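Peer 1: In case you want the letters, here they are:
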Amino acid sequence: MSKFKVVHYINQFFGQVGGEEMAHIPAEKREGPAGPGLAFSKNFGDEAEIVATIVCGDSWFNENLELATEMVLEMVKEESPDLFIAGPAFNAGRYGVACGTICDAVQTELGIPVLTGMYVENPGADMFRTKVLTVSTANSAAGMRKAVPTMAKLALKLVKGERIGASVEEGYLPDGVRRNFFDKKRGSTRALEMLLKKIAGAPFETEYPMPTFDRVPPMPAIKDMTKATVAIVTSGGIVPKGNPDRIESSSASKYGSYSIEGVDDLTSNTFETAHGGHDPVYANEDADRVIPVDVLRQYEKEGKIGKLHDWFYSTTGNGTAVASAKKFAAEIAEKLISYDVDAVVLTST
Amino acid sequence: MVKEIERAGIPVVHICTVTPISMTVGANRIVPAIAIPHPLGNPELPADEEYALRRKLVDKALEALSTEVDDQTIFEV
Numbered sequence: 001m002s003k004f005k006v007v008h009y010i011n012q013f014f015g016q017v018g019g020e021e022m023a024h025i026p027a028e029k030r031e032g033p034a035g036p037g038l039a040f041s042k043n044f045g046d047e048a049e050i051v052a053t054i055v056c057g058d059s060w061f062n063e064n065l066e067l068a069t070e071m072v073l074e075m076v077k078e079e080s081p082d083l084f085i086a087g088p089a090f091n092a093g094r095y096g097v098a099c100g101t102i103c104d105a106v107q108t109e110l111g112i113p114v115l116t117g118m119y120v121e122n123p124g125a126d127m128f129r130t131k132v133l134t135v136s137t138a139n140s141a142a143g144m145r146k147a148v149p150t151m152a153k154l155a156l157k158l159v160k161g162e163r164i165g166a167s168v169e170e171g172y173l174p175d176g177v178r179r180n181f182f183d184k185k186r187g188s189t190r191a192l193e194m195l196l197k198k199i200a201g202a203p204f205e206t207e208y209p210m211p212t213f214d215r216v217p218p219m220p221a222i223k224d225m226t227k228a229t230v231a232i233v234t235s236g237g238i239v240p241k242g243n244p245d246r247i248e249s250s251s252a253s254k255y256g257s258y259s260i261e262g263v264d265d266l267t268s269n270t271f272e273t274a275h276g277g278h279d280p281v282y283a284n285e286d287a288d289r290v291i292p293v294d295v296l297r298q299y300e301k302e303g304k305i306g307k308l309h310d311w312f313y314s315t316t317g318n319g320t321a322v323a324s325a326k327k328f329a330a331e332i333a334e335k336l337i338s339y340d341v342d343a344v345v346l347t348s349t
Numbered sequence: 001m002v003k004e005i006e007r008a009g010i011p012v013v014h015i016c017t018v019t020p021i022s023m024t025v026g027a028n029r030i031v032p033a034i035a036i037p038h039p040l041g042n043p044e045l046p047a048d049e050e051y052a053l054r055r056k057l058v059d060k061a062l063e064a065l066s067t068e069v070d071d072q073t074i075f076e077v
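First to last, the sequence lines map onto chains A and B.
Take the first sequence: its position 45, counted from the start at 1, is 45 in our numbering, and no numbers get skipped.
Take the second sequence: its position 73, counted from the start at 1, is 73 in our numbering, and no numbers get skipped.
The hints are simulated quantities; they were obtained by calculation from the structure and are not laboratory data.
The structure displayed is predicted, hence computed values, not measured ones.
Keep in mind that the hints are not guaranteed to be accurate.
[Claimed, not checked] Chain B stretches covered by chain A per the calculated footprint, using a threshold of three residues with CB under 8 Å from any CB of chain A:
(1) 3-17
(2) 30-40
[What the hints assert, rightly or not] Derived lysine to aspartate or glutamate pairs resembling DMTMM-like cross-links, with alpha carbons at most 25 Å apart:
(3) Lys3(A) - Glu79(A)
(4) Lys304(A) - Glu44(B)
(5) Lys3(B) - Asp340(A)
(6) Lys56(B) - Asp310(A)
(7) Lys223(A) - Asp71(B)
Cβ coordinates follow ideal geometry from the N, Cα and C atoms, glycine included.
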């Protein structure tokens with residue numbers, strides 16, 4: 001029997017092209033497996049093989065979504081594979097969005113089954129988990145060893161057209177489709193066990209989590225911008241040169257409040273970025289490229305805005321937990337309100 | 001972060017490059033930026049043109065903050 005043909009999509013980092021300084025490279029196709037593909041190959045045994053690997057820069061894909069999708073689709077088509085795998089992307093945001101986007105396209109446009117893997121908080125997971133089968137992974141590449149066997153097993157089921165079990169059995173992120181299975185214990189037993197745990201204050205897991213729709217209604221618009229105090233907040237990690245608060249380059253545990261009172265322009269001598277999730281060169285050369293202090297200061301002088309708030313607030317959005325970001329922002333919001341700030345310009349890299 | 005600040009009662013405009021992420025997260029006023037490592041700049045341009053480009057983005061952001069919206073809205077530059 002011939003082996004099933006698999007095409008694998010990975011980013012520049014896992015393709016061993018380079019780190020952030022190479023995130024701008026367009027997609028390229030290589031023969032055979034590479035990076036995590038080698039581990040997949042091992043798990044596939046003689047049932048399937050990776051015939052080609054597409055390596056693409058994370059920034060390039062996300063900044064050219066349509067072109068990138070088209071290019072990668074063409075590369076996949078040339079191989080006419082039985083299955084397409086992307087990632088796993090863990091908690092890398094741009095990589096996750098790329099994996100989800102391309103899987104969705106391959107599945108819809110080419111009719112080829114697809115599979116990816118991500119950490120549940122990856123923005124790509126929220127965007128694509130109901131459309132693209134996404135294995136739940138750890139939040140960093142340290143989870144590769146665990147992710148690959150789960151993905152490989154599911155991959156083989158997909159190519160063979162075998163029935164895919166429920167998310168709890170197979171290890172993928174719930175996709176909104178209910179799949180029935182026989183549990184070892186009947187419902188009443190499980191319900192009582194859950195109840196006893198709840199009474200005892202022990203952790204328990206519901207079998208039917210309620211969906212969360214966390215939306216905030218838009219606040220009313222600013223009536224008169226010439227009287228408004230505008231503040232800058234960023235997840236782009238801009239900090240005074242030397243990063244005095246030691247804000248982490250990824251998975252930030254804190255944010256910083258920095259004075260820009262009397263500052264007309266950010267320069268490479270005064271400010272830099274702490275962000276480790278993209279090439280920092282451009283922000284280090286001129287941090288106004290991330291937080292537009294120069295323009296807003298000029299607008300304050302011209303009277304276009306009432307005032308530029310004396311402080312800006314900054315953290316790194318790279319792999320930072322949603323819970324941390326929420327906490328930082330709630331604290332920042334309290335400060336903004338105490339200073340009577342009317343509007344916020346929030347920039348992200 | 002956008003959501004928590006808006007929840008506290010202050011309108012926020014989110015300037016970012018990957019707008020689908022901003023939509024998923026739930027920002028209400030979104031302005032698409034230039035590129036991930038330099039959302040409000042373009043190092044390939046001469047300084048004066050780059051500054052003009054940044055002004056354009058900031059103008060759009062201020063316009064977004066001055067515009068009533070009922071739902072998530074992307075303000076194309």
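Peer 1: In ascending order, which of the hints set out earlier in this document are inconsistent with the structure?
Peer 2: Checked against the structure, the only hint that fails is number 4, while the rest are satisfied.
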